[in-house]
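Student: Use the sequences and the hints to build the structure in full.
Each chain, letter by letter, is given below.
There are 2 protein chains.
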Amino acid sequence: MPGKPRPPEIAFRKHDHRRCQRQLLSEATQLCAERKLRLTARRRQVLEALLASHQPMGAYDILAELNQSAGEEHVAPPIVYRALEFLMSEGLIHRIESRNAFISCVQPGHRCGAQFLICRDCEQVAELEGNDDGLLAEADNLGFAVDHSVVEITGVCAECQKHAG
Amino acid sequence: MPGKPRPPEIAFRKHDHRRCQRQLLSEATQLCAERKLRLTARRRQVLEALLASHQPMGAYDILAELNQSAGEEHVAPPIVYRALEFLMSEGLIHRIESRNAFISCVQPGHRCGAQFLICRDCEQVAELEGNDDGLLAEADNLGFAVDHSVVEITGVCAECQKHAG
DNA sequence: AGGCATAGTGTTATATTATAACGTATCGAA
DNA sequence: TTCGATACGTTATAATATAACACTATGCCT
Chain A
4 MPGKPRPPEI AFRKHDHRRC QRQLLSEATQ LCAERKLRLT ARRRQVLEAL LASHQPMGAY
64 DILAELNQSA GEEHVAPPIV YRALEFLMSE GLIHRIESRN AFISCVQPGH RCGAQFLICR
124 DCEQVAELEG NDDGLLAEAD NLGFAVDHSV VEITGVCAEC QKHAG
Chain B
4 MPGKPRPPEI AFRKHDHRRC QRQLLSEATQ LCAERKLRLT ARRRQVLEAL LASHQPMGAY
64 DILAELNQSA GEEHVAPPIV YRALEFLMSE GLIHRIESRN AFISCVQPGH RCGAQFLICR
124 DCEQVAELEG NDDGLLAEAD NLGFAVDHSV VEITGVCAEC QKHAG
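Each protein sequence line maps, in turn, to chains A and B.
Residues are numbered in the numbering used here as their position in the first sequence, beginning at 1, plus a constant of 3.
Residues are numbered in the numbering used here as their position in the second sequence, beginning at 1, plus a constant of 3.
Bear in mind the hints are in silico, worked out from the structure with no lab data behind them.
Predicted, not measured: the structure shown is a model, and the values here were computed from it.
Fair warning: there could be bad hints in the mix.
Identical copies carry no separate label here, and so any pair may be met within one copy or between two of them.
[Stated by the list, open to error] Here are the simulated lysine to any residue pairs, SDA-like style, with alpha carbons at most 25 Å apart:
{"hint": "1", "residue 1": "Lys165", "residue 2": "Asp143"}
{"hint": "2", "residue 1": "Lys17", "residue 2": "Asp143"}
{"hint": "3", "residue 1": "Lys39", "residue 2": "Asp19"}
{"hint": "4", "residue 1": "Lys17", "residue 2": "Gln110"}
{"hint": "5", "residue 1": "Lys165", "residue 2": "His151"}
{"hint": "6", "residue 1": "Lys39", "residue 2": "Tyr84"}
{"hint": "7", "residue 1": "Lys165", "residue 2": "Leu145"}
{"hint": "8", "residue 1": "Lys39", "residue 2": "Met91"}
{"hint": "9", "residue 1": "Lys17", "residue 2": "Leu145"}
{"hint": "10", "residue 1": "Lys165", "residue 2": "Gln71"}
{"hint": "11", "residue 1": "Lys39", "residue 2": "Ala161"}
{"hint": "12", "residue 1": "Lys165", "residue 2": "Asp150"}
{"hint": "13", "residue 1": "Lys39", "residue 2": "Phe89"}
{"hint": "14", "residue 1": "Lys165", "residue 2": "Ala148"}
Tutor: Right, here's the structure in full:
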């Protein structure tokens with residue numbers, strides 16, 4: 004149903020974040036169990052870093068967090084990138100291409116692409132639910148077999164427009 | 004008119020490329036004149052590099068081309084990035100975020116975002132005309148003031164599906 | 001024309017993001 | 001318990017992008 008309005012997810016909405024975080028982590032755990040995949044300590048660490056905010060984080064931000072909480076141990080980039088790759092392949096996180104950043108997914112497990120509204124004032128990112136049906140249908144009409152879609156809309160969110168006057 | 008089908012542009016179509024190239028360059032020249040902007044030698048060089056193919060090129064690919072054709076002179080990255088920035092701000096080229104690459108625009112001057120179909124087999128990129136109206140309307144409904152939209156759909160084009168199947 | 005402000009260019013250095021390559025450890029199945 | 005596959009750790013380096021500052025060309029005003 005292409006025309007049906009969908010609610011923006013999470014970031015531009017108030018919610019019980021602690022609870023939300025636990026919820027998503029447990030969904031991820033369950034999903035990996037179902038798929039017979041290993042949500043190892045490393046992968047969980049990286050996912051948790053992303054869940055802690057609903058905001059996008061650069062790979063090196065995540066790296067820094069791991070190294071913070073890690074005491075002596077030194078974590079190097081490939082470790083983070085590998086975990087990110089796994090989490091993306093399972094639809095637990097997304098990459099925000101226009102920011103070179105990563106963000107936890109609000110509908111874990113749907114491996115299809117997502118759509119994002121990115122506020123350039125407050126830097127918050129909202130993930131919209133569902134697909135961009137119109138466009139996907141169009142690609143289909145052209146005989147193009149869609150793999151993955153990236154939709155990132157930058158602008159100013161309602162809240163920041165108010166504050167800006 | 005959201006539902007109206009639009010033709011894919013250029014890359015997946017046969018066309019007289021030499022002519023197309025001249026045409027786009029002349030449109031760019033005219034557009035800069037109208038806007039009282041300077042399409043300097045450097046900027047033109049970079050635009051020409053992108054027009055020479057309708058394919059995406061990395062900034063360093065362009066840099067390499069300039070250095071090829073430049074004889075002794077050594078061109079450094081900032082020169083290319085500055086020209087790219089100018090060309091993007093005037094809607095003469097686009098950035099393909101998911102590839103860290105740049106591509107000439109087929110509708111020069113429209114500073115709104117474009118949509119791309121990217122074939123992962125043949126690496127060709129087709130720019131669709133018009134806007135992704137449905138999605139932009141949706142953002143608007145949410146009170147989000149859109150600046151710029153990035154739409155990049157990866158998959159396999161009709162041609163490559165034939166050859167593979 | 002001369003002088004000035006601005007925009008554009010050139011150059012060096014460096015930041016940021018991402019991956020290659022290779023060895024070691026761990027896990028789960030036979 | 002051994003084997004194959006998957007994940008991890010480490011070092012080095014590739015690829016992409018920008019900061020900072022000096023110099024040059026251009027357009028504009030008088």
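Student: For every hint, state whether the structure bears it out.
Tutor: Results for each hint:
no., hint, verdict
1, Lys165 / Asp143, "between (40 Å within a copy, 15 Å between copies)"
2, Lys17 / Asp143, "between (37 Å within a copy, 20 Å between copies)"
3, Lys39 / Asp19, "neither (30 Å within a copy, 53 Å between copies)"
4, Lys17 / Gln110, "within (17 Å within a copy, 41 Å between copies)"
5, Lys165 / His151, "between (35 Å within a copy, 20 Å between copies)"
6, Lys39 / Tyr84, "within (21 Å within a copy, 46 Å between copies)"
7, Lys165 / Leu145, "between (42 Å within a copy, 13 Å between copies)"
8, Lys39 / Met91, "within (16 Å within a copy, 46 Å between copies)"
9, Lys17 / Leu145, "between (41 Å within a copy, 15 Å between copies)"
10, Lys165 / Gln71, "neither (37 Å within a copy, 52 Å between copies)"
11, Lys39 / Ala161, "neither (42 Å within a copy, 35 Å between copies)"
12, Lys165 / Asp150, "between (38 Å within a copy, 17 Å between copies)"
13, Lys39 / Phe89, "within (13 Å within a copy, 50 Å between copies)"
14, Lys165 / Ala148, "between (42 Å within a copy, 11 Å between copies)"
The structure does not agree with the numbered hints 3, 10, 11 stated previously, though it agrees with the rest.
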